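Colleague: Listed here are the chains, written in short residue letters.
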Amino acid sequence: MVTSRDDFSIAIRSAFLKKGLKQKFSLLALIVASIILLSIEAINSKSLNFIRSSVKDVIYRTSFIASIPNNSISSVFTKIQNYFEVYEEYEIVKSKLQQLENQKNKINYLKIENDKLKKIIDDTDAYSYESVTTKVLVDKKSPFLKSVILNKGFNSGLKKGMPVLDGSYFVGRITEVNHLSSRTLLINDLNSKIPVLIEPMGYQAIMSGNGDKVALLEFLPKNHQLEVGNLVYTSGTGGIFFPGIPIGKVESIEKKFYIKFFSDLSQLYLVNVITSEPTGNKQ
Amino acid sequence: MVSFRKKYVSRFFGLIPILILFFLVCSDTNFNFEELSFLSFNLIYIVIFYWVLKNPDILGYGFIFLAGVVNDVIIGLPIGVSPITYLILAGFAAYVRYLTVEPSLIYDWVIFVPSIAVTNSVYFYILRIFFDIDVNYIALAVNTSVTILLYPIIGILFNLLSKIIIVRKNV
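These protein sequence lines map, in sequence, to chains A and B. Take 21 as the starting number for the first sequence in the working numbering and just add one per residue. Take 755 as the starting number for the second sequence in the working numbering and just add one per residue.
Calculated from the structure, these hints are not laboratory results. These numbers were taken from a predicted model, which means no experiment stands behind them. Errors might be hidden in some of the hints.
Below, simulated EDC-like cross-link-like pairs (lysine to aspartate or glutamate); rule was C-alpha separation at most 20 Å, straight line [said to hold, decoys possible]:
#1 A/K233 to B/D888
#2 A/K136 to A/E121
#3 A/K280 to A/E219
#4 A/K44 to B/D886
#5 A/K269 to A/D232
#6 B/K761 to B/D811
#7 A/K179 to A/E297
#8 A/K242 to A/E219
#9 A/K269 to A/E297
#10 A/K213 to B/D811
#11 A/K213 to A/E121
#12 A/K116 to A/E105
#13 A/K139 to B/D886
#14 A/K39 to A/D27
#15 A/K138 to A/E105
#16 A/K38 to B/D888
#17 A/K155 to A/D77
#18 A/K39 to B/D811
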């Protein structure tokens, strides 16, 4: 018994303290180094942030280069798939275009009417904003954390908290900014909580990511009469985001209400970051 | 000239595990399938466990640490989480290597189960308790299970690679 305990302790000691023939560090030394790194992560100083940003920029660019073969293969597959689907899509697009033409005429009329009414109540245009178009450098598609890395950072005027759109649809917000790159936390991440507005009822709620293709609607008003297909927009509550950015449609799964996003979050390529502040913040 | 070439070819084969590890960590390539999430698995864990168990001189601890740092930066985790988890897994593998007299894939597989369970628990608790980051634990559990199931299959492939490395070294 004593021998087996001795064997156990010798094996533990050998595994964690001994260096192999070509090893430069012992396991224990590296575990301690990792713990030190984790502790440094909590320190927020200018010089440390500068080093962090530079290291991250280098790693993101390296990752982008390393991803080129994989991205090229998947883009070839997508092209082939698109080629086979092109005629079917053409027919759908043709009929949609007809519908849009009809809608456009109606919208033009409503826009003119809206402008006139706005002049009367002396309202500023809450929806005019400046944006920066950026490319998705890396999308690691982690099953636990949903975020993408963008190819623009401080240098292009990006700041933490700025909303990110795919076309005109809301997809996330900036959570980390480096000199030449930034990270966007996607709206389906478990840690994403966004105040939303549900139309046409005007309900306010919180959209909570759950790592899936849909996000959960929380804190809905009591006795609400939500219907499948209702549209969800950012509410702009708290002045964090512009109000009225479309997000998705209401869906019901097992008596719970979810939001099905308009944008496919796994296919992000070019995104727009809104760089101007919401009107409410300026006041 | 021929021996010079042979030397570099054998050295290249010896670098393959490191290249696989850094390619997996750096690139978009992963085995987290969005549509078939129940098939997601963590090849990095298998690479680390297998090669540390087989031959730690091929996949050094320093490289494992560095790969962890790169992984944290790319995934967006606090830097240090992945190095700790990778090194704990490497620690299990090293411990088993010191105890095992006759290595076999089945025995390694059995040991891999508690190793990966402890490693992922540490990963989960560091993120949840120290950094208050929510992690989808069901996805993590599924990922862990599939990784465990796939270990012997990938282990067989790595056995072949290991044989090639040994043959090349001896040429």
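Colleague: Under the criterion that the straight-line Cα-Cα distance not exceed 20 Å, is the pair A/K213, A/E121 satisfied?
Modeller: violated (37 Å)
Colleague: Starting from A/K39, check that the Cα of A/D27 is at most 20 Å away, please.
Modeller: holds (18 Å)
Colleague: Quick one, are A/K136 and A/E121 close enough, alpha carbons at most 20 Å?
Modeller: This hinted pair is violated, its Cα atoms lying about 23 Å apart.
Colleague: Quickly compare the C-alpha distance for A/K139 and B/D886 to 20 Å and report which way the hint goes.
Modeller: Status violated; Cα separation ~48 Å.
Colleague: Would the pair A/K138 and A/E105 pass a check requiring their Cα atoms to be no farther apart than 20 Å?
Modeller: violated (44 Å)
Colleague: Check the hint pairing A/K213 with B/D811 against an upper bound of 20 Å on the C-alpha distance.
Modeller: violated (46 Å)
Colleague: CA of A/K280 to CA of A/E219, is that 20 Å or under?
Modeller: Measuring from Cα to Cα gives roughly 15 Å; hence the hint holds.
Colleague: Holds or violated: A/K269 with A/E297, Cα cutoff 20 Å?
Modeller: violated (26 Å)
Colleague: Going straight from one Cα to the other, do A/K155 and A/D77 come out at no more than 20 Å?
Modeller: holds (15 Å)
Colleague: Mind checking the alpha carbons of A/K38 and B/D888 for me, to see if they're no more than 20 Å apart?
Modeller: violated (36 Å)
Colleague: Below or equal to 20 Å on CA atoms is what counts here, so check A/K179 against A/E297.
Modeller: holds (11 Å)
Colleague: Within 20 Å, alpha carbon to alpha carbon, are A/K233 and B/D888?
Modeller: Given pair A/K233, B/D888 holds - Cα atoms ~17 Å apart, limit 20 Å.
Hints 2, 4, 9, 10, 11, 13, 15, 16 from the list above are not met by this structure, while the remaining hints are.
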